[in-house]
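There are 4 protein chains.
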Amino acid sequence: MSTTVSPHFEPKDADFAVRVRASFALQGAMGTLGARLGAIEAGLVEVLLDWAPGLTQQHGFLHAGMVATALDSACGYAGFTLMPADAGILTIEYKINLMAPAKGQQFRMVGQVIKPGRTITVTEGRAFAIDQGREKLIATMAATLMTITGRDDVKN
Amino acid sequence: MSTTVSPHFEPKDADFAVRVRASFALQGAMGTLGARLGAIEAGLVEVLLDWAPGLTQQHGFLHAGMVATALDSACGYAGFTLMPADAGILTIEYKINLMAPAKGQQFRMVGQVIKPGRTITVTEGRAFAIDQGREKLIATMAATLMTITGRDDVKN
Amino acid sequence: MSTTVSPHFEPKDADFAVRVRASFALQGAMGTLGARLGAIEAGLVEVLLDWAPGLTQQHGFLHAGMVATALDSACGYAGFTLMPADAGILTIEYKINLMAPAKGQQFRMVGQVIKPGRTITVTEGRAFAIDQGREKLIATMAATLMTITGRDDVKN
Amino acid sequence: MSTTVSPHFEPKDADFAVRVRASFALQGAMGTLGARLGAIEAGLVEVLLDWAPGLTQQHGFLHAGMVATALDSACGYAGFTLMPADAGILTIEYKINLMAPAKGQQFRMVGQVIKPGRTITVTEGRAFAIDQGREKLIATMAATLMTITGRDDVKN
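Residue numbers (my numbering), protein chains in the order written: chain B, 1 to 156; chain E, 1 to 156; chain S, 1 to 156; chain V, 1 to 156.
None of these hints come from the bench; they were simulated from the model. In this text, all values refer to a predicted model and were calculated from it rather than measured experimentally. Where is the CB? At the ideal position from N, CA and C, for every residue including glycine. There's no promise every hint is true.
[What the hints assert, rightly or not] With a cut-off of at most 20 angstroms between alpha-carbon atoms, the simulated DMTMM-like pairs for lysine to aspartate or glutamate come out as follows:
no.	chain 1	residue 1	chain 2	residue 2
1	S	K115	S	E10
2	S	K115	S	D50
3	B	K115	V	D50
4	E	K115	S	E10
[What the hints assert, rightly or not] What follows is a set of in silico ranges between Cβ atoms, one per label pair, in the way DEER data are often shown:
no.	chain 1	residue 1	chain 2	residue 2	range
5	B	P7	V	A52	26 to 32 angstroms
6	V	A14	B	G38	23 to 29 angstroms
7	V	H8	E	R36	42 to 48 angstroms
8	S	V18	B	K136	33 to 39 angstroms
9	B	H59	S	H8	41 to 47 angstroms
10	V	A52	B	E135	41 to 47 angstroms
11	V	K12	S	G150	51 to 57 angstroms
12	E	R134	B	V18	34 to 40 angstroms
13	E	D15	S	F9	53 to 59 angstroms
14	V	A39	B	E10	28 to 34 angstroms
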């Protein structure tokens, strides 16, 4: 009861990892952050990030906005892994709880699908800071995505 | 009844604008985004941003994470204007609704205090895209802030 | 800039108030709460509530869940006023900030549409407690709604 | 990586279950809902609920507000299990994602602490509908709580 095991999801398109990598590469913001993809599974995507002076808040820690940006990407691409090949994806909304300062040298964001749907997909994210080799949970996210089909302007 | 007028707030420290500018200047992330401060009033702060290729998502619009980062800053500094001179501020959580693609050349984020408090302050934000001179509401935020006193590591 | 005026919305169905009243009357939970409708405009709905011993939390104030239930209804029906006559509505998610104890004899919840859409509608809500005749803001909500057409099981 | 195991928390007061039951019994709203406590562990509380005609929305399913009320209680009391004996608790805010209609005869809400803190505690909740003996996830919640000490009016 006190354990949540990630459910097994069946992807609609076997090439989901290729689609995720292609879309990620088009995001200028991910390049600016120096973010890169880690694990890509059906319903789960990791985004990895290193500390850099251009990503800080006023105390020198990683800016919460950078945490949220990378975590939102992880959630969005987690949803994207389960969508049809011709679908685009929009984040309708997300909510983030910032539980500890983003103090560390590396950061690992994990997005997971909780409930896939034809129109609406619900995801959750966890952000971890790795400080001197120790990993700590620093933020949680709940993000709601919408699948878009038949619109070229939002095809990923 | 269908109109919300911003309440009048009494700042605890008359030099709040100086404190906001000093803290903002320390944020490496704001420099990376090219974000700058607009209006600074008691309980209200504007953050301004220009489109740039390093801030985009896969369709070339401003990345939702950049919208959220600038809007979160506007909300946080809105709360900061009403805090005592020696206080630091932490964003506990925020929620953002993304209502339209961030399509435009300039962006204006407005953060406003809804309810200040000794420990907890509630703020709301509005993000506007300016496209060919026309301003459009693209996102709303609700952010919860905590005032921190007596801790040097989170003094702004 | 520091003032938000409710935008003017054009309803798709002139009989929206009739539809709101009919749907509201079918909700057993609204009867249990003793909630009733106040103003019904295009894009705005009020829900009114009185204190009762069966609606309290452990200190005798109105339970936050009752505040949220009535406020969620106000937001949902605000969205419903702008939908086509044959549409149903689902709340996808909401977020509530509880800013003060719900101390009072009467309560007024106001839901307003911020951005209507064919599929997704974004709304905001304000809950007020009326204590000895003085009205106080006690909670704010952001709620995301989905319009459903062609499904009898969710037709309102 | 794709599995979340509930962390082990050390309660500050060994009699936490007694405190939870005493506070729960004082909530008139829980009586109106017919809600009752299930498991009470350090950092985890279950709230159980049966379908009743006075708890319905317009299609006869459990009203989302009733789901949220019981789930918010589960989250709040989960946080309460880890607080000192003389502390009170306030829900600052919560966010709920409604993923499926609350169709069923019984409902089980589970609240769990993600990050306890001296002032701020972050919790997550899961709501399940039990329909003809089959349990289905219908909602997730993220709730932020504040510990209050030295104030009689919010002592639980």
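Tested hints:
1. K115/S / E10/S: Within the cut-off at roughly 12 angstroms; holds.
2. K115/S / D50/S: violated, 30 angstroms
3. K115/B / D50/V: violated, 24 angstroms
4. K115/E / E10/S: violated, 32 angstroms
5. P7/B / A52/V: 26 to 32 angstroms: holds, 30 angstroms
6. A14/V / G38/B: 23 to 29 angstroms: Distance hint for A14/V, G38/B is violated at roughly 42 angstroms.
7. H8/V / R36/E: 42 to 48 angstroms: holds, 47 angstroms
8. V18/S / K136/B: 33 to 39 angstroms: Hint violated: Cβ distance 55 angstroms, outside 33 to 39 angstroms.
9. H59/B / H8/S: 41 to 47 angstroms: Since H59/B and H8/S have Cβ atoms about 45 angstroms apart, the given range 41 to 47 angstroms holds.
10. A52/V / E135/B: 41 to 47 angstroms: holds, 45 angstroms
11. K12/V / G150/S: 51 to 57 angstroms: holds, 54 angstroms
12. R134/E / V18/B: 34 to 40 angstroms: holds, 38 angstroms
13. D15/E / F9/S: 53 to 59 angstroms: violated, 43 angstroms
14. A39/V / E10/B: 28 to 34 angstroms: Holds: the Cβ-Cβ distance is about 32 angstroms, inside 28 to 34 angstroms.
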